[in-house]
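Q: Spelled out from the first residue to the last, the chains are:
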Amino acid sequence: MRIAILGFGSVGRGIARALLAKDLDITVTGLADSRSGIIDAGGIDLAAALAQKENGGPCGNAGVSPGDVVAKAEYDVLVEVTPTNVETGEPALGHIREALRRGRHVVTSNKGPIALAYPELRALAEANGVLLKYEATVCGAIPLIHAMQEGLAGNTISRLYGVFNGTCNYILTRMAAEGLTYEQALAEARDLGYAEADPTYDVEGIDAGVKLVILANALLDLHTTLDDVERTGITLLSPEALQLAEDQDCTIRLIGEIIPGAGVLRVSPRIIPKIHPLVVEGTLNAVTVEADLAGDLTFIGKGAGSAETASAVIGDLLYIQSRHVKGS
Amino acid sequence: MKLEMKDQPGQLVAALKPISAVGGNIIAVIHQRETSTPAEALDVQIVLELPEGRLPNLLELFREQGVSVVRIGEERLLYECTLIMIGHLMHTDLSDTVDQIDRTGSAEVTELSLVMPAIDAPSSARITIRSTTRAEMKRAIRILSAVAKQKDLLIIEPLEDA
Ligand SMILES: NC(=O)c1ccc[n+]([C@@H]2O[C@H](COP(=O)([O-])OP(=O)(O)OC[C@H]3O[C@@H](n4cnc5c(N)ncnc54)[C@H](OP(=O)(O)O)[C@@H]3O)[C@@H](O)[C@H]2O)c1
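Top to bottom, those sequences are chains A and B. First residue of the first sequence: 20, per this note's numbering; consecutive thereafter. First residue of the second sequence: 757, per this note's numbering; consecutive thereafter.
If we strip away everything but chain A, and leave its shape as in the complex, we get:
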């Protein structure tokens, strides 16, 4: 199977490393970062591209743009792993549309296009007889979307809730454990690379909200946007509040919650017993799904990371390979 990869950052390089380490019968014929690209139908030398990138260089040639890779490379699947833009979804959205129109499957870790345009993209994929997969957009390594689409296919989901943002979970874990203020815990998260210089997207619950929108639209047949999510972040939380919770053997976590029947779609800090399965430490993610036949299921795992996110992307790729790409 031939793939083209857009984006050669943490996730893109994680995919490249996994492809080098394992014999998955996947050839990369196109690759681009923000400044350069390569198209090679015979297969790109990933080790060389990784080395070049890790030395601070571009992954390819300045004359080749991401648009060129999408339009001209010979690939079965486009892997879109460039930065998320939750307002426009661009430039990823345009690239995904183009690949689908060309009759190519698409696998992405980019939340923007899926949260903004899932129904349209899905229809476009169907019209062209290809698949659009996005496991990595929600909870990194946890195969939540696959579990809900395949394993729980016959179930009605009455509620889905959990910890969708590792950065917030890390901050709250540290505030509870050490009595740190929000600012102190945030500074620590930044030092460790868990929080961006501008942490707004995480700490205001936008990231968790976008993930709820993806799950609601793609798996629960709701038609929602980020504006429909009732959203409260963690920036105002005090160490005293965590202590007051602690006094009752509880703690506080940022919880995303969907109750399809009641129209609930919300992200907010909640008081939760410390023995509750969703109380996970550090940057972990955890999600409980309440299903009518299966009962309650809780998934816990790494919500981010280079290899972890690559795991979800590769799972999608092999799904496509085993079902839809023949003789390659």
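Worth flagging that the hints you see were computed from the coordinates, not collected in a lab. Source: prediction; values computed, not measured. Any given hint could be a false lead.
[As the list claims (entries may be wrong)] Using C-beta positions, here's what the derived DEER-type ranges look like:
no., chain 1, residue 1, chain 2, residue 2, range
1, A, V283, B, T860, 19 to 25 Å
2, B, E916, A, G173, 23 to 29 Å
3, A, T219, B, P873, 24 to 30 Å
[Stated by the list, open to error] Partial list, derived from the structure: chain A residues whose beta carbon lies under 8 Å from chain B:
no., residue
4, L255
5, L256
6, S257
7, E259
8, A260
9, T270
10, I274
11, I278
12, P288
13, I290
14, K293
[Stated by the list, open to error] Okay, the calculated bits of chain B under chain A, using three or more residues with CB under 8 Å as the criterion:
no., region
15, 833-843
16, 879-890
Just so it is clear, CB atoms sit at the ideal spot from N, CA and C, and this is done for glycine as well.
Please arrange chain B with the ligand on chain A, whose structure you already have, making use of the hints.
A: Quick look at chain B with the ligand alone, frame taken from chain A:
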């Protein structure tokens, strides 16, 4: 509310009917073998919710059915919910905040722990509300949320309902 009665044949069925007749809602039926009484005599406890003012009515129906109630434990505020508030709680009149819930008559603030770390810094409080029914609890939380919005306070609700 808790009713206790002897479990003689037929008593339980005779007791359950009138409860629904007066609009009550049975929450639990608990059998208790009391060591002090003869072996075959079981105590039955029925925990139920009753609309305000229906108790005399129910007791009357029980008498007609020949159900003998041993003890009535009336606990009006069955539901409990603990929340945390953060913000300028004193400057925004905490007693008024509490009052808005107490004024409903069907929900009350029964406990409040307040921590004020420094003058002018936001304070944090744990607030316990009790109510007669689940619906009243929802209403009380809605009221609290509305007040919080007005006063620019952050309310942290529990993950699970009361
Ligand atoms: N990291 C995670 O753990 C994780 C987990 C789940 C989902 N995701 C999502 O996965 C995506 C990638 O994340 P990441 O952590 O790998 O990001 P990253 O480390 O910032 O890397 C982004 C890559 O995309 C390239 N890029 C930027 N704009 C581009 C454009 N217009 N066309 C082509 N390439 C472009 C960048 O190029 P340069 O190298 O030239 O800057 C870089 O190589 C994001 O949407 C993110 O939300 C990430």
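Q: All hints are to be evaluated individually against the structure, with a verdict given for each.
A: Here is how each hint holds up against the structure:
1. V283/A - T860/B: 19 to 25 Å: 23 Å Cβ-Cβ, so the 19 to 25 Å window holds.
2. E916/B - G173/A: 23 to 29 Å: holds (27 Å)
3. T219/A - P873/B: 24 to 30 Å: holds (25 Å)
4. L255: With a closest approach of 5 Å, the L255/A hint holds.
5. L256: holds (7 Å)
6. S257: Since chain B brings a Cβ to about 5 Å from S257/A, closer than 8 Å, the hint holds.
7. E259: Since chain B brings a Cβ to about 4 Å from E259/A, closer than 8 Å, the hint holds.
8. A260: holds (4 Å)
9. T270: violated (11 Å)
10. I274: Where the cut-off is 8 Å and the nearest Cβ of chain B is about 6 Å from I274/A, the hint holds.
11. I278: violated (11 Å)
12. P288: Holds, about 5 Å.
13. I290: I290/A check passes; min Cβ-Cβ to chain B is 4 Å, inside 8 Å.
14. K293: violated (12 Å)
15. 833-843: holds (count 5)
16. 879-890: Per the Cβ count (4), the hint holds.
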